[in-house]
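Number of protein chains: 2
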Amino acid sequence: MTDAMLIQEVATRDGFQIEPRYVETADKIRLIDALSAAGFSRIEVSSFVSPKAVPALRDAAEVFAGIARRPGTVYVALVPNPKGAERALAARVDEVNLVCSVSETHNRANMGMSPDASMEGFAQIMETVKGADVSTNATVATAFGCPFEGDQPADKVMAQVERYLALGITGVTLADTTGMANPVQVERLVTRALAVVPAERLTLHFHNTRGLGLANVLSAYHAGARRFDAALGGLGGCPFAPGATGNICTEDLVSMAHEMGIETGLDLDSLIGLSRDLPRLVGHDVPGQVAKAGRPCDLHPVPKAA
Amino acid sequence: MTDAMLIQEVATRDGFQIEPRYVETADKIRLIDALSAAGFSRIEVSSFVSPKAVPALRDAAEVFAGIARRPGTVYVALVPNPKGAERALAARVDEVNLVCSVSETHNRANMGMSPDASMEGFAQIMETVKGADVSTNATVATAFGCPFEGDQPADKVMAQVERYLALGITGVTLADTTGMANPVQVERLVTRALAVVPAERLTLHFHNTRGLGLANVLSAYHAGARRFDAALGGLGGCPFAPGATGNICTEDLVSMAHEMGIETGLDLDSLIGLSRDLPRLVGHDVPGQVAKAGRPCDLHPVPKAA
Chain A
15 MTDAMLIQEV ATRDGFQIEP RYVETADKIR LIDALSAAGF SRIEVSSFVS PKAVPALRDA
75 AEVFAGIARR PGTVYVALVP NPKGAERALA ARVDEVNLVC SVSETHNRAN MGMSPDASME
135 GFAQIMETVK GADVSTNATV ATAFGCPFEG DQPADKVMAQ VERYLALGIT GVTLADTTGM
195 ANPVQVERLV TRALAVVPAE RLTLHFHNTR GLGLANVLSA YHAGARRFDA ALGGLGGCPF
255 APGATGNICT EDLVSMAHEM GIETGLDLDS LIGLSRDLPR LVGHDVPGQV AKAGRPCDLH
315 PVPKAA
Chain B
15 MTDAMLIQEV ATRDGFQIEP RYVETADKIR LIDALSAAGF SRIEVSSFVS PKAVPALRDA
75 AEVFAGIARR PGTVYVALVP NPKGAERALA ARVDEVNLVC SVSETHNRAN MGMSPDASME
135 GFAQIMETVK GADVSTNATV ATAFGCPFEG DQPADKVMAQ VERYLALGIT GVTLADTTGM
195 ANPVQVERLV TRALAVVPAE RLTLHFHNTR GLGLANVLSA YHAGARRFDA ALGGLGGCPF
255 APGATGNICT EDLVSMAHEM GIETGLDLDS LIGLSRDLPR LVGHDVPGQV AKAGRPCDLH
315 PVPKAA
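Here the protein sequences line up with chains A and B, keeping their order.
Under my numbering, the letters of the first sequence match residues 15 to 320, in that order.
Under my numbering, the letters of the second sequence match residues 15 to 320, in that order.
Derived from the structure by calculation, the hints contain no laboratory data.
All values reported here derive from a predicted model rather than from experimental measurement.
If a hint is listed, it holds; no wrong ones were tucked in.
Since the list gives no way to pick one copy over another, a pair counts as held whenever it fits inside one copy or between any two copies.
Below, in silico cross-link-like pairs of lysine-lysine (DSS-like), each with a Cα-Cα straight-line distance of 30 Å or less:
1. 318 / 170
2. 318 / 66
3. 318 / 97
4. 66 / 97
5. 144 / 66
Given these sequences and hints, build the entire structure.
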């Protein structure tokens, strides 16, 4: 069990998008440049959504214009519709990430349209990006359960994955949008997904809403998944669970991987330093544990009484 | 993978022992009675340590005298030395739990003596409890790493387990005292331990200090472990990691187990209710996630805009 793990950093998109305090564009750029330097080969930088819907990310174009592009790193933008795709292309993103919930209720609440309407938009977006030097990924949101509808049948999830592939979309993300997944379910769905999407194009996106984020990563890894989204400091969250934690925490995941002998290509010390600076940017404590406790190998002085 | 999981609740011992605010004896008794009613077959109630060393648990005898003993539930006390064992017997505990760190430095800091001196004490305690209607368990503290010394060789851990068994001690706990374990290490050590201790007498005690608590449970369960310590609300902590979380959280573990189809015999709704009352007792927020987010099956109303 020593295959490397590819971690895509999503804090500046999935984390910052729900922060009530606006993170200044210059701070976003500084953080993304530091994440590039820490070794990420994939960073989800921002989202080309309506500035009214998500004011926290209204500076997506300026951020893409301001960051230093590290050779070999793929800078991704979330794109909700064809208009967003045009803005993303103008900002020279390397990859667009499209999102549609498998739950119709969630997609209407989150995207303001039916899943079928989302899929029609995806077809248009694929026309828009044709010939451009940009790769494509699409996310199945609520793939492990919907906070309104509950369980989502695996057959329905897989049908959506097949629709993505039929549109020519290269990468697929299975997202546990509100942290409802469990390790048994994860193992089953990852096994099914890997039958149609190769491991190097399948991403698992877990939230730690109910404390199972890293247990789900472990289960997915055992089932053959190798790509994971994570957010520095465990930023992110769920509007329906006040006080609940957000995305799985990047530095906690990296610490786990390294302790298990799994390479990530990431500089854990740098990540811990960046995570410790997050409260200054967002104005509150963040859920990540390793930034508080230190790495397992960071030893403590022996108490004097001993 | 449907073997039941046996969870021993340790919040009133491993949790309360480090709380700066004293939890009143009557509140402790009420909580333990509610935990009994929620279905626990094992509860680590308190500790017969020096009241000067751990004033938070100075009422151990009163608590044991006040609780309602549910038939079939084993009420355990931690006991550091022969004097504590005598007090535990007088309080009619069902089981004594002895603790010695595999790290000499940690045992001196934690127990004020060398591991050899601890083991001599254990031999005396086994004499003391001979003939009494009390079972015995012993914990290998820092079994997955010491915050002062670092890695602890598995051979050394196993040698300590063998010494416990040679003394006639029935149960063995492997404790990740400061949350340094990782899933690969857990799988290896559990596999070795199960070669000499049957699953029904081996307990794993994990802390969530670096966010890996439930991932380590998952790994231990896959390796054949079936008994786990956990603390309501994730109480507990590590004096060397300010802000770090404590024991793995009982209700988060129970939620994970039930979602995976693993029985625990516990009433999750009751546990969530008890956890939500903890901040009133201890005066601060607690780390558990399910008590904040609700169970995965607790659905939310659809937002009006949808």
